[in-house]
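Enquirer: Sequence:
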Amino acid sequence: MKMGSEYHVGVVGLGSMGMGAALSCVRAGLSTWGADLNVRACETLKKSGACGVSDNAAVFAEKLDALLLLVVNAAQVKQILFGDNGVARHLKPGTVVMVSSTIASADAQEIATALAAFDLDMLDAPVSGGAIKAADGEMTVMASGSDNAFARLEPVLDAIAGKVYRIGKEPGLGATVKIIHQLLAGVHIAAGAEAMALAARAGIPLDVMYDVVTHAAGNSWMFENRMRHVVDGDYTAKSALLQIVGGDKLIIPFC
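Just so you know, this note's numbering puts 96 at position 96 of the sequence shown, and the rest follows in order with no gaps.
There could be a bad hint or two in this list.
[To be verified] Subject to a maximum C-alpha distance of 25 Å in a straight line, what follows is the list of computed PhoX-like cross-link-like pairs (lysine-lysine):
1. K46 - K2
2. K78 - K47
3. K92 - K46
4. K78 - K63
5. K92 - K163
6. K92 - K78
7. K63 - K46
8. K46 - K169
9. K92 - K2
10. K46 - K133
11. K47 - K63
12. K63 - K2
13. K169 - K2
14. K133 - K92
15. K78 - K169
16. K47 - K133
Calculated from the structure, these hints are not laboratory results.
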């Protein structure tokens, strides 16, 4: 097993979570490469010690021991891996691809099968924790895949995660756990927003309402994190503006 700077990892998607993951890999001493269409994000990572950056991971794919995808959805994952000049055909046989996007179980299985045709292994590994935990290398990873995939990705998982859950060996199980988690998280956000709206209509100062809830039994991580923005009047986007569970496609198979 390669370790430290001998281990090369590529991170595709340098958004709020991907940038944190990439910087965590840099701090861990891994030879880190990054890809994103956002030039500023690439420049930030390069200045922070990355070996190289590009708008297409195919440029550095042959150097990699592992590829981490932290993009928005399955369509982006498939385009990056298998589209025109897709990165899959440029990776060395045996490279492990860690898919950390929120996708349907069926998509995870389809992607794993397609990667196997290139002699590439996959870890179905959605993540949670937000930008702060990503930046601290403390994300929660809910993963499923082969023992080989877990073993080959150990340096990356050690760098980016505070907790890794091994859900099973079949791709798709990790994705399913993430969808269930997202449904619960969405309920907390919706309930929190309704609570704050009710407080506002009743003339209760929002900072007081927030302080009460965060010191009482009604609190949740999502309330404490998201409703802080409401108190501050900060409605700027913190991540991709998509439905929290990515639409009915991700839920209907389980209903």
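Enquirer: If a hint holds in the structure, say so; if it doesn't, say that too.
Expert: Verification of the supplied hints:
| no. | hint | in the structure |
| --- | --- | --- |
| 1 | K46 - K2 | holds (23 Å) |
| 2 | K78 - K47 | violated (29 Å) |
| 3 | K92 - K46 | holds (24 Å) |
| 4 | K78 - K63 | holds (21 Å) |
| 5 | K92 - K163 | violated (29 Å) |
| 6 | K92 - K78 | holds (18 Å) |
| 7 | K63 - K46 | holds (17 Å) |
| 8 | K46 - K169 | violated (35 Å) |
| 9 | K92 - K2 | holds (15 Å) |
| 10 | K46 - K133 | holds (21 Å) |
| 11 | K47 - K63 | holds (20 Å) |
| 12 | K63 - K2 | holds (13 Å) |
| 13 | K169 - K2 | holds (23 Å) |
| 14 | K133 - K92 | violated (31 Å) |
| 15 | K78 - K169 | holds (21 Å) |
| 16 | K47 - K133 | holds (21 Å) |
Comparing the model with each numbered hint stated earlier shows that hints 2, 5, 8, 14 do not hold.
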